[in-house]
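Residue numbers (the working numbering), protein chains in the order written: chain S, 1 to 318; chain G, 319 to 749.
Among the hints, erroneous ones may be present.
Each pair of labels, with its calculated beta carbon distance range [stated by the list, open to error]:
| # | chain 1 | residue 1 | chain 2 | residue 2 | range |
| --- | --- | --- | --- | --- | --- |
| 1 | G | Ile688 | S | Ala265 | 27 to 35 Å |
| 2 | G | Gln466 | S | Gln51 | 20 to 28 Å |
| 3 | G | Phe610 | S | Arg67 | 25 to 33 Å |
| 4 | G | Ala738 | S | Ser264 | 38 to 46 Å |
Okay, the calculated bits of chain S under chain G, using three or more residues with CB under 8 Å as the criterion [what the hints assert, rightly or not]:
| # | segment |
| --- | --- |
| 5 | 141–147 |
| 6 | 234–248 |
So these bits of chain G aren't anywhere near chain S, every CB distance computed over 10 Å [to be verified]:
| # | residue |
| --- | --- |
| 7 | Met462 |
| 8 | Leu467 |
| 9 | Gln486 |
| 10 | Asp513 |
| 11 | Ser524 |
| 12 | Leu575 |
| 13 | Phe587 |
| 14 | Pro590 |
| 15 | Met599 |
| 16 | Val626 |
| 17 | Gly645 |
| 18 | Gly655 |
| 19 | Lys706 |
| 20 | Gly730 |
| 21 | Val746 |
Hints in this document: simulated from the structure, not taken from any laboratory.
Even for Gly, the Cβ is constructed at its ideal location relative to N, Cα and C.
Residues per chain are reported as follows:
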Amino acid sequence: MARPERALRVAVTGANADLGKLLLPLLAADPRVDSILALDAAKPKDEAKVQFRRVDLTHHDSESDLRAALEERPVDALYHLALDLSRNRISSHAHELEVAGTMRVLSAVAQVKVPKVVAGSFTLLYGARGDHPALLGEDAPLHGCPPSRFVGDKVQVEEQVAAFRERHPETITVVLRFAPILGPSVDNPATRLLRRRLIPTVLGRDPLWQAVHERDAGRALHLALDAKRSGIFNVAGEGVLPFSAMVRGAGALPLPLPSGLLSSALRFLNTSGTWPLHASLLSYLHYSWVADGRRARDELGFTPHHHAREAVAALRED
Amino acid sequence: MPKGKSRKKAPAAKAAGRVGRVVSVVSGRTPAGGEVVEGAMPVGLTPGGGEVRRGRGGGSTPGGGEVHRVTTRPARAKKQRRAPKADAEADEEPEPEPEPARVANGVDREPPPVEVIEVEVAPEAEPRPAPPTSPAAAVIATAMTSLQLARAVASRAVSSAGLGRVMQATRALGSAVMTSLGISAGTQVDPYGKDAELVETFQPISDFLYDRYWRVSVIGAEHVPEGGAILVGNHSGAIPADGPVLRQALQRERPELPEARWLVEDQIFNTPFLGTLFNRMGAVRACPENAFRLLEERRPVIVFPEGVQGIAKPFRQRYQLKRLGRGGFAKLAVRSGLPIVPVAIIGAEEAWPLLAKLPTRFLGLPYWPITPPPLPVKWTIRFGEPLKPASSGAGSAEDPGVVQPLVDGTRGAIEGMLRALLDERRSVFRG
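Generate coordinates for the entire structure from the input sequences, incorporating the hints supplied.
Put into structure tokens, the structure is as follows:
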């Protein structure tokens, strides 16, 4: 990098969301990082070097807020991690935050000419399909999961990032696609599902899942700060587990149900709104979705410290 | 006299041992002659079963005298003399009775006190979470606990090596069932989906089928080159066992090569139950990406280009090759520059003849095969000379002038070997 290694200034959108919370302490502990500009609608927990700037990405004015913040304190890298995985997520709000919010962030980044953008994403976006190869490379198309808006919004985010990357080759654009992040502190659909005592599975199916320990996920985000080139990287923990093994590893019991019955049951439960697994995501219990983490290892230097088994077991820690 | 007779029988033939054991099991069920001591499950389950000796008059069953004649000795003699063969024996005659009944001959031989079975939760059991809250969870948890209890009792009851083998086979089948239901919870799974633990548990059954039941003989395994090759075989059998058997053949004959994997068409791979089980046993979904990756790992990749067409053909069309798919295997060879090894497999057609097909589209299966249990046919696997593509590279792979000759050459080689092997074969069962 052109700038001296010592005084890195980093901005983080969604600093108060799960990915941001994993990254912030690592950045704070990194001696090369001089200051961290936390951009979020809610103030994150206090860390050294962190300056908070309230920006609500769902607001139509947020682009000028962002631009002002970034012009005032130019940064070397911006992490775009404003994705809503939370329990009380409202679909229309999430759409505004993710799809419109990304548009605003990228537009501000382009105008201020931030040298590096790191965007968080998920291997979920490949979708789970019967015609997938055993290991999905980063070049595989993002089929998503058509009935699910949750996944569809995130596919749109990636499409925008890909378009940005093409238009702005001068900006290093890194996308990290995370396998389900599991750990004691994170809260996402996978952790909410696996924290149940009794977890429905599809009878006669046992798809392969991956998992990444929250500490590994934080490390991968941190490593992206050193990326010298644009690129997309799958970030997964070591190994794969059949879903039934994830269920047992999380200390729960699998309840195998015929696919049709499970689908109707979930649709019924979804209307009451509390069940963590949406019926539209059922394909992830049907087919394996395993991403190939080789590129992250070879080019980003990311090797997971934890096996998927440990990531699942970490759900039981407090 | 009776003792002498049974002693004579024991070394003479396997039959003696078998008869001895079977009769003793029967006597365990109907305690008739002499003093029958049961040292297994029933005792453990009876309260105060520390030393239970149930003696009854011999008159209750007409065969009382017969039962009395059979002592433990034939069984013991058999165990000592035929120790090396014990494995195969156990598999050959599956005995559903897990408990060995001990028949003591006369009062002078005091049987050792029967142990009280302590029920302990199996050590490999997953650590239990806090007690489930919902009633369904409670029911399942209770069921799981009682299953573990039953397993603990059963494993304590098994003491003899032969029965141990039977139990092992039962366990292997049990885990296969769990796997196909999708609740195996295996933790040693590779990215392609093979469950190393399951394959290991299943190994005694695979070995028995390979060595004793199907007596697989292999010709020309030296033709498989190192560094990756595409093995193209004729597909056959209502239940396609040819993939795993071919894999095992390579493991036996060419242990220095990396483990071979076989590719399975979508229609089977994505089937519930069967597809899940196949995947955990080592099958990989047939697609160019997977094949390339396996070849990159320098593995022999087993392909059956006929696909479902090959195994869905009626018995009268046995050993007639269907169309070799769309020649994907040849394109793979051209693109990778690796050779094709044609393979002819004889025996799989008769081992699992397809008698009829039930339409089961509604289950997501192309059809349900009507077939007898596997028949003890002799298998022969023959590997042919490797066929090298005329030129290689991504460009040539789209050139029918390069691909088609390779497809035809492979077809000719497999058909030639099949004809030769069928001509040589005298008997379907003896080879």
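Now the hints, each set against the structure:
The beta-carbon spacing between Ile688 of chain G and Ala265 of chain S, approximately 34 Å, falls within the hinted interval of 27 to 35 Å. Here the CB-CB span from Gln466 of chain G to Gln51 of chain S is close to 56 Å, at odds with the stated 20 to 28 Å. For Phe610 of chain G and Arg67 of chain S, the hinted distance range of 25 to 33 Å is not satisfied, since their beta carbons lie about 46 Å from each other. Between Ala738 of chain G and Ser264 of chain S, the C-beta spacing of about 56 Å breaks the proposed range 38 to 46 Å.
Only residues whose beta carbon comes within less than 8 Å of a beta carbon in chain G count, and the segment 141–147 of chain S has 0; fewer than three means the coverage is violated. Chain G is given as covering the segment 234–248 of chain S, and this holds because 9 residues of the stretch bring a CB closer than 8 Å to a CB of that chain, at least three being needed. For Met462 of chain G, the non-interface assignment is contradicted: its Cβ lies about 7 Å from the closest Cβ of chain S, within the 10 Å cut-off. The beta carbon of Leu467 of chain G is kept farther than 10 Å from every beta carbon of chain S, the shortest such distance being approximately 17 Å.
The Cβ of Gln486 of chain G lies farther than 10 Å from every Cβ of chain S, with a closest approach of about 22 Å, so its non-interface assignment holds. The claim that Asp513 of chain G lies off the interface is violated: its Cβ sits roughly 8 Å from the closest Cβ of chain S, which falls inside the 10 Å cut-off. Residue-level check passed: Ser524 of chain G sits 21 Å from the nearest beta carbon of chain S, beyond 10 Å. No Cβ of chain S approaches the Cβ of Leu575 of chain G within 10 Å, the least distance being about 20 Å, so the stated non-interface status holds.
Phe587 of chain G, annotated as away from the interface, has a beta carbon of chain S within 10 Å; the closest lies near 8 Å. Distance check on Pro590 of chain G: its Cβ comes as close as 3 Å (rounded) to a Cβ of chain S, failing to clear the 10 Å threshold; non-interface status is violated. A cut-off of 10 Å between C-beta atoms confirms that Met599 of chain G is not in contact with chain S; the least separation is 13 Å. The non-interface label for Val626 of chain G is consistent with chain S: the shortest C-beta to C-beta separation is roughly 15 Å, beyond 10 Å.
No beta-carbon of chain S comes within 10 Å of the beta-carbon of Gly645 of chain G; the shortest separation is about 19 Å. Non-interface status of Gly655 of chain G relative to chain S is upheld: no Cβ of that chain comes within 10 Å, the nearest being about 21 Å off. Consistency note on Lys706 of chain G: stated as away from chain S, and its beta-carbon is indeed over 10 Å from all of that chain's, at 26 Å minimum. With a least beta-carbon separation of about 31 Å from chain S, Gly730 of chain G lies farther than 10 Å from that chain, consistent with its non-interface assignment.
Annotated as non-interface, Val746 of chain G keeps its C-beta farther than 10 Å from every C-beta of chain S; the closest such distance is 34 Å.
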